[in-house]
Amino acid sequence: MRSRPAASSADTPVVATLARLYPFVKPALPRLIAGMICALGASLCALAIPQVLEYAVNGPLLGSVDAGDTSGVWFAVLLVLGLGILEAGLIAARRAFILIPGTRVEAGLRMSLFRHLQDLPIAFHDQWPGGQLLSRSMSDLSSLRRWLSFGIVMLVVNSTTIVVGIVLMIRMAAPLGVAYLIGALPVVFFSYRFSRRFRRISRLSQDQAGDLATTVEESVHGIRVLKAYGRGREAYRNFSSQADELRGTELSKARVLSMFSFAIMTISEVVLGLCVFAGVWLVVDGQMTVGALVAFFATAGVVNGPVERLGELVSMSLYAKTAVDRYFEVLDTVNEVTDPAEPVRVNAPRGEVTFEGVHFHYADAPPIDLIPAPTTVPSEAPREEVLSGVDLHIRPGETMALVGLTGSGKTTMASLVPRLFDVTAGSLRIDGVDVRDLTRRDLRTLVSIAFEDATLFSASVRENVLFGAPPGQDDQRDLERALTVAQALFVHDLPDGVDTLIGEEGMSLSGGQRQRLALARAVAARPYVLVLDDPLSALDVSTEEAVTEQLRAELERTTTLIVAHRPSTVALADRVAVLQDGRVTGVGTHSELLVSHDHYRFVISSLIEDEESELVGKVRS
Amino acid sequence: MKGVPATPSVPLGVQDEENSQLDRVHSKAVRRRSLRLLGSTLAPLRATFVGTVVLVVIAQATRVLGPALIALAVDTALPQAQAGNWGPAIWISGGYVLAAIVAGATTAAFIRLAARVSQTVLLDLRQRVFGQTQRLSLEFHESYTSGRIISRQTSDLEALRELLDSGVTSLASGFLYMVFTAVSLFVLDVQAGLVLLVAAIPVWLITRWFQKRSQVLYRISRVASARLIVNFVENMTGIRAVQAFRREDANNARYGALTEDYRANTARTMGLNGIYDPALQLTGNVTVAVALAFGGFRVLDGSLEVGVLIATLLYTKRFFQPVQQMAMFYNSFQSAAAALEKISGLLEEIPTVRQAADPVPLPNAKGALRFSDVEFGYGAGKVVLPNLDLDIPAGQTIALVGQTGAGKSTVAKLVARFYDVTGGSVTLDGVDLRELASRDLRRAIVMVTQEAYLFSGTVRDNIALAKPEATDSEVEAAARAVGAHDFILALPDGYDTDVNKRGGRVSAGQRQLISFARAFLADPAVLILDEATSSLDIPGERLVQRGLQTLLADRTALIIAHRLSTVAIADRVLVMSDGRVVEDGTPEELIAGDGRFAALHHAWEDSLV
Ligand SMILES: Nc1ncnc2c1ncn2[C@@H]1O[C@H](COP(=O)(O)OP(=O)(O)OP(=O)(O)O)[C@@H](O)[C@H]1O
Ligand SMILES: Nc1ncnc2c1ncn2[C@@H]1O[C@H](COP(=O)(O)OP(=O)(O)OP(=O)(O)O)[C@@H](O)[C@H]1O
Ligand SMILES: [Mg+2]
Ligand SMILES: [Mg+2]
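In order, the protein sequence lines correspond to chains S and L.
Each residue of the first sequence is one higher than the one before, starting from 1 at the first, in the numbering used here.
Each residue of the second sequence is one higher than the one before, starting from 622 at the first, in the numbering used here.
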């Protein structure tokens, strides 16, 4: 059913793509086929109308001029009218049939992608530029829709017309028809080459369009930086050169298409031109009748249109093909952080958190080449780890501060708890259950987190705070409680109170206001384990004190892991863990550690001597 | 749905963008605006455009030549050949081959030219929208959202592209074809021509109907696709929060609803086409039947020759041949026009913060800042700074402290001219910021914003953003000065490590160090640091402070910090509360006093260990 280049390409990727697409298109297939039948029927009607006209003019009209008999004319008129209405009806039916596959398949695929993207782990999202995902979801899928609702139907109708036409031509005038068919051979060859080149270029152009969308996205998200440094001009120049590159790709795409179109149009027509002479010769030679010659060329005329449109249709199909490939590239990405086959439930959660021999490195961590470290995973080369054997036990209800230098892995460790990343070795347990044995939903109901960047949404304050709150009847009370704990009562002074929209990423709030909303959001989720990543960094001393006061009461029964850079934040905690060189090297109360732990003193104390801070550089690297 | 101004002569901009049921006056106005935009992007391409149309005409003509040559071959060359004269057969055959080559070549050339036109227009529009996005002020961006800009740059331009790629040429060829056919018909038989004229009435009516409906539907379609994109972008940007707070199902429901909206609307536009196209076809077919009846009876009367009837019928039939193409063109035109309405609206927006018509140059700013009677509030919101008077001599280092939400960042953003004051003025070396050439302003004043935003790209690129022509050693020196050099070297590719989107590859403190290094490299007369060390560890902060002391020796600095350690290096401390400066003095004075700052400072000192 596909275009010729597809069938003849050796690596059969087109077939693979179609096979991959099949399950999604399957429910719409009957309609698609019905649409094709209608389209074929409409073409037949279109072909029949001139025949009827010819018959009418030659038959009834010529025959009955003298007789004055009008019935023949009426008959012909009614026939033409009937065929005309039938044609229009078939066109309408074709469009009605195609409507569903076109839009439903697109919407279904779009939803599948969105679902899958939401399911894929953070590690995936860190790697993939936003524009690439967006272009897959929007423009790639809409080019598939266009192909489904137009391209494939026309391709099938045209191919059928061509095949039937050529068969007819061979039957009418075998030598000429065969010559025409032989003329198609180089077309097949060209199609093959064209298909490969065009696919490469169309893929390139789609990728570049995705990159361009990424640049646009970043230029808007980073507009404050660009404005602060007055770099609008550079950004513009950079964007322009990228857009110009895309333009270049599109132009070379057009060039490849133009060559292909030239080849198929010219070859078939040149063969026909030679057939003119050959036909005359055959007739003169007595091997063919004049009628057959005329019929041959009349049919060739019908076949010509579809042949001419072949280039356009094939290129449209190939474009849709690479778009679909791009789409499935993401959809087929395997999720590494999945729910277990047989999930365990924590029946009476207490909120005990245990890190045991936790190792972690990011996917792009470079291998260690110098020190041949002993490794627990022999099959894999040892890599530079962020966490290399963390042991930490947080008792139920306890508040544990996590202290370490910038870049020591505190955020990394915190994000392991709600399984935003999976440990690479060792285990992390909540109430004795490995987090990988819980469903992510259950785990994340137990655990809630406040990120170091607020990560708010352009919605109302209410929606943002109740983002993860259990759906309950008492939303209002939850909201108030969370706002009070986070000392975010300023929201009542906003123009629409808690229904005020806070702008994209909460940008119409002050830094401290954003941070407190993020804190309120974490609190409102009513977790058993609360992970707070440096939650007070943007607060002034007195607000910090007020929040601390509230939090201390709130955290009484919630297990809390709180990343801290300041002594004032540490004050919240029952105990402190020091993260150093990928390990927890000390656990104890603040005052114990101040006495016993050099590194802790170095990290947390502002009162140490200057010479000591010379060490910073060395320790840091 | 906000109200729209009564007179559309006022630029509408993006106001009312989401409203698809515009009244007549506004509908006309935005339509005209979008066509003007299209015209202005096509204007420089006039020659290429005309060339494209000429090529289409030639290609069409050679295509028409084919059947004529074959008729000639059967009628003349064949009898001649039978008589032994092969000349005509050879000539005609050769002519056919030639015509084929010409048709192929012109078609190929036309495909290229059409792509050139379309791509040049798209590039032009992309650049315009991008430039405009950069020019527009933050106030605009806060409410417009990135997703909508992205949808202008992607799906809207896509709609236009469809029109440019195929529409224009099918219009040109189809229109010419129809005109030629109609003229031939009139020449042949006026009465048959009149039948055609009568048929024009239903065509016109159907088209009007289609135009009205599709205009609205395509507007809705643009809005629906923009909403889809906005939602998508926001959820992908905030994916951490989405996953951590289990919002997947709620999001699926919302995104699903938006997808369905968009789908339903697409289906409606396709449905509209599904009526329009067959209706035109039906009109054409009925016209042929009528022409047959009309002509047939005249033949029976004897008032019309059979030969003429055949010809008129053929012409009538042919006249409607390109109708499907024309319907397609009109459809993509409607879609593109709706997209252009949105794009032109964005382009029409006038930035609230813009360079003066006659800017004052200030190539070597000293850095004296002055706020006189400044009043400021964000948009229509409440006043944040009611009345601010402040004089900062060149070279002074100011620490700005105060409760969160007091208005510290607002002061900073006014100095950096992210916003314009609503009353009073801010001056640099005596020149109102609004009068200052923006190049000089940006060179003189640099701000490290509270959010350390990194672009995807290498560490080096991110630091060099402050000074694109900086050498590697300058970049390194800046990184060293803030104590970022060591950790950067520890990254897999050192300065060439990609920090990923938003700098996700490095830790929060590392992000701050990199943006700090940027400011060092920029070397401005006035440096604003808004909570630039809030995520740093204490040793790191100390290192930065040391670097600052040398850096700030001879420049004006405005340091906003909650960690009062910064205050030590300040010449002067300003305490803000509710948009007012409530205390002002040297650190020593204030600490010795008994005001807020003294209390704050004691509390802070107590917290230290
Ligand atoms: N997505 C990532 N991919 C690769 N490496 C990463 C990624 N995120 C962080 N890192 C690296 O891992 C280390 C630990 O980062 P992490 O964010 O956990 O530090 P942190 O202790 O939270 O620091 P900070 O106090 O600055 O927030 C850093 O060296 C950082 O460069
Ligand atoms: N873009 C904005 N649109 C509307 N209101 C804003 C915007 N930015 C800030 N505000 C409001 O203006 C007030 C002052 O905000 P500003 O950012 O200046 O506070 P700040 O002193 O910097 O606080 P923080 O220490 O929390 O950063 C706040 O009430 C805030 O909600
Ligand atoms: Mg961190
Ligand atoms: Mg601020």
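It should be emphasised that the hints constitute simulated quantities derived from the structure, not laboratory data.
Keep in mind that this is a model prediction, so the values were computed, not measured.
Don't take each hint at face value.
[As the list claims (entries may be wrong)] Here are some chain L residues pointing at chain S (derived, C-beta under 8 Å):
1) Asn706
2) Asn872
3) Gly895
4) Phe954
5) Arg1063
6) Phe1076
7) Ser1077
8) Asp1093
9) Ser1094
10) Glu1097
11) Ser1156
12) Gly1161
[Said to hold, decoys possible] Computed Cβ-Cβ distance ranges for the label pairs, DEER-style:
13) L:Lys1003 x S:Tyr362: 43 to 51 Å
14) L:Ala1224 x S:Gly588: 21 to 29 Å
15) S:Phe75 x L:Ser661: 56 to 64 Å
16) S:Ser605 x L:Asp1215: 42 to 50 Å
17) L:Gly634 x S:Asp119: 37 to 45 Å
18) S:Arg237 x L:Ser661: 44 to 52 Å
19) L:Pro1007 x S:Asp119: 24 to 32 Å
Ideal Cβ positions, reconstructed from N, Cα and C, are used throughout, including at glycine.
Hints versus structure:
Taking 8 Å as the C-beta contact cut-off toward chain S, the hint placing Asn706 of chain L at the interface is violated, the least distance being around 11 Å. For Asn872 of chain L, the shortest C-beta to C-beta distance to chain S is roughly 6 Å, which falls under 8 Å, so the interface hint holds. With a cut of 8 Å, the hint placing Gly895 of chain L at the interface with chain S holds, because the nearest CB-to-CB distance is about 3 Å. Interface hint at Phe954 of chain L: violated, since its Cβ lies 16 Å from the closest Cβ of chain S, which is beyond the 8 Å cut-off.
Hint status for Arg1063 of chain L relative to chain S: holds, with the closest Cβ pair at about 2 Å, below 8 Å. Taking 8 Å as the C-beta contact cut-off toward chain S, the hint placing Phe1076 of chain L at the interface holds, the least distance being around 5 Å. The beta carbon of Ser1077 of chain L comes within 7 Å of a beta carbon in chain S, closer than 8 Å, and the hint placing it at the interface holds. Checking Asp1093 of chain L against chain S by beta carbon gives a least distance of about 18 Å; that is not within 8 Å, so the hint is violated.
At a threshold of 8 Å, the smallest CB-CB gap from Ser1094 of chain L to chain S is about 19 Å, leaving the interface hint violated. Because the closest C-beta pair between Glu1097 of chain L and chain S is about 14 Å apart, greater than 8 Å, the hint is violated. At about 6 Å, the closest approach between the beta carbon of Ser1156 of chain L and any beta carbon in chain S falls short of 8 Å, and the interface hint on this residue holds. Restraint check, Gly1161 of chain L versus chain S: the minimum CB separation of about 5 Å is within 8 Å; hint holds.
At roughly 45 Å, the beta carbons of Lys1003 of chain L and Tyr362 of chain S sit within the given window of 43 to 51 Å. At about 25 Å, the CB distance of Ala1224 of chain L to Gly588 of chain S agrees with the hint of 21 to 29 Å. Taken as a hint, the range 56 to 64 Å holds for the pair Phe75 of chain S and Ser661 of chain L, whose Cβ atoms sit roughly 57 Å apart. For Ser605 of chain S and Asp1215 of chain L, the hinted distance range of 42 to 50 Å is not satisfied, since their beta carbons lie about 28 Å from each other.
Checked against the hint of 37 to 45 Å, the C-beta distance between Gly634 of chain L and Asp119 of chain S comes to roughly 39 Å, which is consistent with it. Range check, Arg237 of chain S to Ser661 of chain L: about 22 Å between beta-carbon atoms, so the 44 to 52 Å window is missed. A C-beta distance of roughly 50 Å is found between Pro1007 of chain L and Asp119 of chain S, which places it outside the suggested range of 24 to 32 Å.
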